[in-house]
Amino acid sequence: MQKVWAFVQGCFLLLRKGSKLYYAWVFSLLVLIAIGVVAYANQLYNGLIVTAMRDQVSWGFYISNFTFTVGVAAAAILLVIPAYVYDWEPIKEIAILGELVAVSAMVVCLLFVTVDIGRPDRFWHLIPKIGILNFPQSLLAWDVVVLNTYLVLNFGIASYMLYSYYYRREPNMKYVFPLLMFSIPAAISIHTVTAFLYNGLAARPFWNASILAPRFLASAFCSGPAGMILMFQVVRKWTNIEIKDKAIFKIAELIAYAMFINLFLLGAEIFKEYYSDTVHLAPVKYLYQGLGGHSDLVSFIWTATIFNLTAFFLFLIPQTRENYVTLNIGCVLMFIGVFIEKGMGLVIPGFVPDVLGDFYEYSPTGTEILVSIGIWATGLLVFTLLLRIAVPIMNGDFHVGEDGVKPHIGDQLFFVRKRVAVEDEDLYSP
Amino acid sequence: MSDREEHDEHVFRLTRRKALKGLALGIGTMVLPAKDASASVWDSFFQKNFRELSRPERQKILARLEKEYSATYKKSVRVKDTPSPEGVLFGYGLDLSRCVGCRRCVYGCVTENNQSRDPQVHWIKVLRLSKERGVDLEHSEQYYNPATVPQEGYFYMPVQCQQCENPPCTKVCPVQATWKETDGIVVVDYNWCIGCRYCMAACPYGARHFNWKAPGLPAGEMNPETHYLGNRPRPVGVVEKCTFCMQRTREPDGKYPACVEVCPVGARKFGNLLDPTSEIRNVIENKRVFILKEDLNTQPKFYYFYSV
Ligand code: SF4
Ligand code: SF4
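Protein chains in written order, with the working numbering: chain A, 1 to 430; chain B, 1 to 308.
Hints were generated in silico from the structure; no laboratory data involved. You may find that some hints are simply not true.
Said to hold, decoys possible - Partner residues aside, some chain B positions facing chain A, computed with beta carbon under 8 Å: (1) Q142; (2) V159; (3) K171; (4) C193; (5) A214; (6) V236; (7) L296.
Said to hold, decoys possible - Below 27 Å or equal to it, Euclidean Cα-Cα: the simulated DSSO-like pairs (lysine-lysine) are: (8) B:K125 <-> B:K255; (9) B:K213 <-> B:K80; (10) B:K48 <-> A:K129; (11) A:K92 <-> A:K272; (12) A:K272 <-> B:K293; (13) B:K213 <-> B:K67; (14) B:K75 <-> B:K60; (15) B:K255 <-> B:K180; (16) A:K129 <-> B:K180; (17) A:K246 <-> A:K92; (18) B:K80 <-> B:K180; (19) B:K74 <-> B:K60; (20) A:K129 <-> B:K171; (21) B:K171 <-> B:K293; (22) B:K60 <-> A:K129; (23) A:K285 <-> B:K131; (24) B:K293 <-> A:K285; (25) A:K237 <-> A:K20; (26) B:K125 <-> A:K285; (27) A:K272 <-> A:K285; (28) B:K125 <-> B:K171; (29) B:K213 <-> B:K75; (30) B:K213 <-> B:K125; (31) A:K406 <-> A:K3.
Please read all numbers here as calculations on a predicted model, not as lab measurements. All residues carry an ideal CB built from backbone N, CA and C; glycine is no exception.
Throw the hints in and build the complete structure from the sequences for me.
Encoded structure:
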């Protein structure tokens with residue numbers, strides 16, 4: 001227990017150390033978070049009327065973001081599987097980063113749900129025993145359970161591994177391996193349950209298609225890893241951690257397969273809707289063509305479609321996949337493409353036209369956007385702080401000192417220009 | 001259970017309470033205003049789900065609410081908790097050949113059930129449909145505004161909560177804040193709802209409404225005869241819906257819902273589906289009846305019919 005405490009203390013000590021750039025980055029995130037908090041306070045004070053949601057469209061940008069980030073979190077298993085099931089060394093070294101992404105994404109998810117509910121003061125009604133969790137009837141209750149399980153699981157695995165490395169021990173795989181294996185179905189379940197949340201509603205034909213959950217998973221395995229590829233490059237450029245090209249290219253290849261499945265399933269759905277041409281076509285028509293003079297989403301969805309298609313080809317062709325310029329373009333396109341498609345492109349057409357045929361066109365208000373920025377900034381801050389601890393542990397700059405009690409902090413800067421840092425040994429002396 | 005276990009259990013409960021109270025205090029001191037109001041604020045914060053309350057607990061809560069509402073609206077407000085009458089399953093009939101689309105029911109409902117005037121909340125929506133297309137909701141219009149009704153070539157279809165026998169809205173609620181009572185009325189505990197709006201996504205009839213803002217209910221227009229699960233004033237951030245005017249219909253003298261009473265052409269029928277002599281049974285047995293979106297298996301107890 002004492003050792004855990006010493007480790008935690010060491011971590012806090014480490015968090016306070018860093019280059020100017022690190023401070024600047026953390027500070028700017030804090031500013032964004034503060035803006036989000038103010039916007040949220042305004043929402044709490046005035047009610048959800050400050051959002052653009054109304055009875056017809058009762059979920060909007062918050063739940064869109066939630067849906068998207070669940071996918072990002074689920075994508076961690078795209079690292080866990082090759083690393084631990086197939087024992088592929090290049091990815092094994094960085095799988096832990098994937099888990100940290102999952103943890104941060106889960107935090108973002110839960111925050112988005114929190115800001116969406118009308119009575120956050122009653123959140124305790126969801127806690128079993130104290131309140132009433134309507135499990136297993138309500139899919140939202142399932143979501144609460146699986147999301148929290150997944151968060152705890154990833155946080156547990158990652159911190160145990162880091163803790164072991166800190167004390168310069170090999171983690172005991174006897175404990176970790178079953179947990180890692182369990183995190184694979186858990187990741188699939190968070191996204192499946194989120195899909196079922198929509199899927200199970202007969203009232204909304206746009207969501208009531210059995211293909212929804214597979215499509216969710218396929219697109220999650222595009223957007224999450226695309227974000228990770230970008231993030232890995234930033235991390236290896238600015239910190240003293242090695243990430244091999246091979247690992248990055250492998251992830252890119254996996255994305256190509258996932259995108260193929262995603263596009264195929266999308267095509268299957270579009271075919272069914274248009275060819276059968278029933279009244280259920282309305283939401284799809286509204287989304288892709290506009291309906292009855294309402295066409296707010298059309299430009300968005302076509303942007304998303306073009307982005308996804310372009311990215312797909314960039315990832316498919318080995319030459320463009322292994323060229324960092326085209327690879328990065330592909331990642332950005334895919335991240336944005338899926339963000340639109342799985343966010344607004346999924347949630348809003350479920351509500352427009354509404355169940356009685358009314359058209360209410362939704363687009364987020366300033367409050368919704370500011371609150372969302374604040375939440376994303378919180379996620380980035382959580383991720384930065386987790387990296388601040390994980391990176392020096394992984395490259396041996398942060399471990400328990402010779403006396404077995406005091407921490408040894410070799411990395412005082414965290415953000416460094418790598419070349420300079422490697423050559424100039426002075427930077428390492430405290 | 002040994003003494004020791006019992007003791008532990010007790011301690012656990014106490015700490016659970018305490019932890020919650022501590023947390024609430026923290027949040028509370030930031031948001032809550034007057035000191036004397038705080039006692040009842042705490043009581044309402046810790047209130048259990050209505051269905052878990054004992055008789056005395058209920059009485060206390062009703063008394064507290066009556067006091068609060070009476071102070072707010074400057075009149076003596078009554079909050080009942082009349083339970084479902086036995087042997088009753090409420091049903092509703094709507095005569096499409098009579099309805100003229102005047103929307104008096106909409107406003108009768110607003111007055112009776114203390115809906116928000118600003119922003120406007122309407123539990124009943126009247127759809128204007130063209131005779132050519134029939135019941136085609138995609139081509140319905142809610143915002144028609146002619147000088148006189150009915151208009152040539154159109155018919156009108158009011159839609160409100162259908163009090164489904166198999167309600168998708170209660171199934172999805174993550175905290176069981178909404179449920180179906182034995183008389184078939186689907187209710188919401190406004191003090192338990194967390195405002196997630198999942199039920200709104202699940203209802204195929206657009207029958208649930210959210211308080212996006214604190215409801216604007218002028219004191220002078222407030223109806224003081226209320227029911228806990230029905231028309232008592234609602235707080236911001238929760239969902240509300242039609243309850244077949246349970247504050248009227250559940251009483252022993254059995255009044256009709258306000259919308260039935262106010263309809264100028266007598267298009268609305270109401271009664272006990274279990275009573276073979278009731279008007280509603282007569283409608284079902286003798287008229288051409290249909291229910292809305294029957295393919296969804298929600299089994300509405302709201303029957304549309306044509307009398308001519
Ligand atoms: S009409 Fe809607 S709100 Fe009413 S019981 Fe059916 S699903 Fe629930
Ligand atoms: S909005 Fe309220 S009643 Fe509706 S599902 Fe959520 S908690 Fe339940």
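Verification of the supplied hints:
1. Interface restraint check: Q142 (chain B) against chain A, minimum CB-CB distance 6 Å, threshold 8 Å, status holds.
2. Interface restraint check for V159 (chain B): the shortest CB-CB distance to chain A comes to about 6 Å, inside 8 Å, so the restraint holds.
3. Hint status for K171 (chain B) relative to chain A: holds, with the closest Cβ pair at about 6 Å, below 8 Å.
4. For C193 (chain B), the interface hint holds, the least distance from its beta-carbon to any beta-carbon of chain A being 7 Å, beneath 8 Å.
5. Interface restraint check for A214 (chain B): the shortest CB-CB distance to chain A comes to about 6 Å, inside 8 Å, so the restraint holds.
6. A cut of 8 Å between beta carbons decides the hint on V236 (chain B): the least distance to chain A is about 5 Å, and the hint holds.
7. Hint status for L296 (chain B) relative to chain A: holds, with the closest Cβ pair at about 5 Å, below 8 Å.
8. Among the hinted pairs, K125 (chain B) with K255 (chain B) is consistent with the structure: their alpha-carbon atoms are about 23 Å apart, no more than 27 Å.
9. Proposed proximity of K213 (chain B) and K80 (chain B) is supported: the alpha carbons are some 25 Å apart, at most 27 Å.
10. For the hint pairing K48 (chain B) with K129 (chain A), the CA-to-CA distance comes to about 11 Å; that is within 27 Å, so the pair holds.
11. With a C-alpha separation of about 42 Å, the suggested pair K92 (chain A) and K272 (chain A) falls outside the 27 Å cut-off, and the hint is violated.
12. Restraint check for K272 (chain A) and K293 (chain B): the C-alpha separation of about 21 Å stays at or below 27 Å, so the hint holds.
13. Of the supplied pair hints, the one linking K213 (chain B) and K67 (chain B) holds, its CA atoms being roughly 23 Å apart against a limit of 27 Å.
14. The hinted pair formed by K75 (chain B) and K60 (chain B) meets the criterion: a straight-line CA distance of about 20 Å does not exceed 27 Å.
15. Restraint check for K255 (chain B) and K180 (chain B): the C-alpha separation of about 21 Å stays at or below 27 Å, so the hint holds.
16. For the hint pairing K129 (chain A) with K180 (chain B), the CA-to-CA distance comes to about 22 Å; that is within 27 Å, so the pair holds.
17. With a C-alpha separation of about 12 Å, the suggested pair K246 (chain A) and K92 (chain A) falls inside the 27 Å cut-off, and the hint holds.
18. This hinted pair checks out: K80 (chain B) and K180 (chain B) have alpha carbons roughly 18 Å apart, not beyond 27 Å.
19. Note on K74 (chain B) and K60 (chain B): the hinted pairing holds, with a Cα-Cα distance of about 21 Å set against a maximum of 27 Å.
20. Of the pairs offered as hints, the one joining K129 (chain A) and K171 (chain B) holds, with about 19 Å between alpha carbons and a cut-off of 27 Å not exceeded.
21. Between K171 (chain B) and K293 (chain B) the alpha-carbon distance is near 18 Å, which keeps this suggested pair within the 27 Å criterion.
22. Straight-line distance between C-alpha atoms of K60 (chain B) and K129 (chain A) comes to about 23 Å, which keeps the hinted pair within the 27 Å bound.
23. Of the supplied pair hints, the one linking K285 (chain A) and K131 (chain B) holds, its CA atoms being roughly 25 Å apart against a limit of 27 Å.
24. Taken as a hint, the K293 (chain B) and K285 (chain A) pair is honoured in the structure, with Cα atoms around 21 Å apart against an allowance of 27 Å.
25. Distance check on the hinted pair: K237 (chain A) and K20 (chain A) sit about 16 Å apart at the alpha-carbon level, within 27 Å; holds.
26. This hinted pair checks out: K125 (chain B) and K285 (chain A) have alpha carbons roughly 25 Å apart, not beyond 27 Å.
27. For the given pair, K272 (chain A) sits about 13 Å from K285 (chain A) by alpha-carbon distance, which is consistent with the 27 Å threshold.
28. At most 27 Å may separate the alpha-carbon atoms for a hinted pair to count; K125 (chain B) and K171 (chain B) meet this at roughly 24 Å.
29. Of the pairs offered as hints, the one joining K213 (chain B) and K75 (chain B) holds, with about 24 Å between alpha carbons and a cut-off of 27 Å not exceeded.
30. About 20 Å separates the Cα atoms of K213 (chain B) and K125 (chain B), which keeps this hinted pair within 27 Å; it holds.
31. Using a Cα cut-off of 27 Å, the hinted pair K406 (chain A) and K3 (chain A) holds, with the two alpha carbons roughly 10 Å apart.
When held up to the earlier numbered hints, the structure conflicts with hint 11 and nothing else.
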